[in-house]
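Start from the sequences and build out the full structure, keeping to the hints where you can.
As a plain string of letters, each chain reads:
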Amino acid sequence: MTASPNQRAWKRLCKNRPAMVSALFLALIVVAACLVPVVSPHDAMHGSDAQFSPPGWQHWFGTDVHGRDLFTRVFAGTRVSLLVGAVGAAVSLVIGVCWGMVAGYVGGRLDGLMMRIVDVLYALPSIVFVIVLITTLEGLVKRWLGTVAPGFVPMARMLFLFVGLGAVSWLTMARIVRGQVLALRSRPFVLASQSLGAGHVRILFRHILPNVVGIVIVYLTLTVPAIILYESFLSYLGLGIQPPAASLGTLLAEGASQINPIRVLWWLIACPGLVLGLTLLALNFLGDGLRDAFDPRAD
Amino acid sequence: MRYFLRRLAFLVPLVWVIVTLAFFLVRVAPGGPFDRERKPASPAVERALAEKYHLDESLGSQYLRFLGLKWETGADGRWHRAPGGLLVGDLGLSLKYRNHTVTDIIRQGLPASLTLGLLAFGFAMGFGIPIGFSTAVRRGSWGDWIGSLLALVVICVPGFVLGPVLILVFGLQLGWFPVGLWGAPLQAVLPMAALGLFFGGRVARLMREGMTQSLQSEYIRTARAKGASELRVLLRHAFPTAVMPVVSYSGPMLADLLTGSFVVENIFQIPGIGVFMVNSSLSRDYTMVVGLVLLYAILLLVLNLLVDLAYGLLDPRVRYE
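Protein chains in written order, with the numbering used here: chain A, -15 to 283; chain B, 69 to 389.
Just to be clear, a hint being listed does not mean it is correct.
A few chain A residues facing chain B, derived, Cβ under 8 Å [said to hold, decoys possible]:
no. : residue
1   : V116
2   : L188
3   : L221
4   : L264
No wet-lab data here; the hints were simulated from the structure.
C-beta: ideal position from N, C-alpha, C; glycine also.
Shown next as structure tokens:
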């Protein structure tokens, strides 16, 4: 075979049926999340008189306590959840990859120090860290935004979620990348590049980075669902997305608070739960498929 | 052995760094512990409160006092060490529940959280290991598909959904288990499942991964070639190495489980410490946050050490220099 390892991995991925179905499903969800809130005849934010009407032709997913159409709300929420997941993962990607690459490449004392910092942050309960981070940032940025652009203050909340969630989930990424870079650093092609007079930055980004991309992508697809789940937990605590805006997490929390023995309002839980569950499932399947495909032992 | 003594000695400074970080982190965050009083306190009351809990002092002075290294002139005019402090095992009064010390609150909540955590740990292992093991052995079959899907599904369901759903189905519709409170063995079943299922799913995935890799290695072929029975190959040769990822995950997992879960304790009304972990950082209960971080850090580091110890015992290839 003359195909490059990446091409072979791509071929393996295309043969992996669950991963391909998941990719298709995710594309569908993204399109729905973008289109449904715009196209839908109902408004995601404003209530009507039809409180708690079960799913039917009028409201496909039923309505909630304020008579809002759940179908519209679920996909508006999906949009927010996906955004938080994607941006949070991107933040964790940037921090984790940079941290891991520097630690692994420089090695020695700096490596020891940087990895001890990761150890310390691991041992700090992440929930404490997130809460402190979000409230601190909120105080700072609100003051700053209040003077610069008062209209953007509500948007600020989402920004902290992105940054805060990204800032606590980069640790494992840093460890993985560092391990890879450590192994790559002593490989002949790096030595060759060094003896040709390439600078450190060039070696890192031109020669080492392409070799860790595979494992990073794999881990990234597993980070996105983790962050979405974490966001839903924060929303449950009231720290996440603020009403009347919603994420899948806040919708689920709303539904969970309506559970009582007298009336079973199942659609409030089932509809957002199903969308969240299937999305996370698809992301995980895709991540597993990618990992299997990029596994060097599979050749 | 020397390796572990060195690790053990390293533990103390590590815990110190973590606690110090937590100490300054919560104090840097905006807002104070007395912001959520029922009535807005008058400036005089606020000043008195701050003075009583030494919040009017400089950060450095507060930190020394917290460690128990603060020296001051007492009422009798003599130079002596301020009472309390971490070094004598005193974490101070909670700023939210002001008649209770932090150690008292932890001591009261810990038994429930420990019991629930251990039960959930057992549940996760009992759920995850068999599923991971059998799906890896029958790779590619329908059983594998269903088992792996189940493991994935339980990872994707947040606890605050699983809890109410379990209550609704097993508590209210079927009436098999009581839906809340804490004390009787039957009351522990639903919270145990709600807490343990997520971790069980992760254990199953790790176990399947490990088992799949282990079954492909050379020593399994050797064991088969020398005529060992299939059961013996699976249990005696493949299992010990396959379980390693689960073992290394069990350290952080147990630390998470033992310090309680906010969601499960909240839903099932269990008097544990998981609720404090969230509430104290929300209400800036400085002393409480630091105390809980200390507890979590010690648990995590000690458990990780034990995990590494178990590694050396389980896998003969692992050597610590």
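Hints, one by one, checked against the model:
no. : hint : verdict
1   : V116 : 5 Å, holds
2   : L188 : 29 Å, violated
3   : L221 : 6 Å, holds
4   : L264 : 4 Å, holds
When the structure is compared with the earlier hints, a violation turns up for hint 2 alone.
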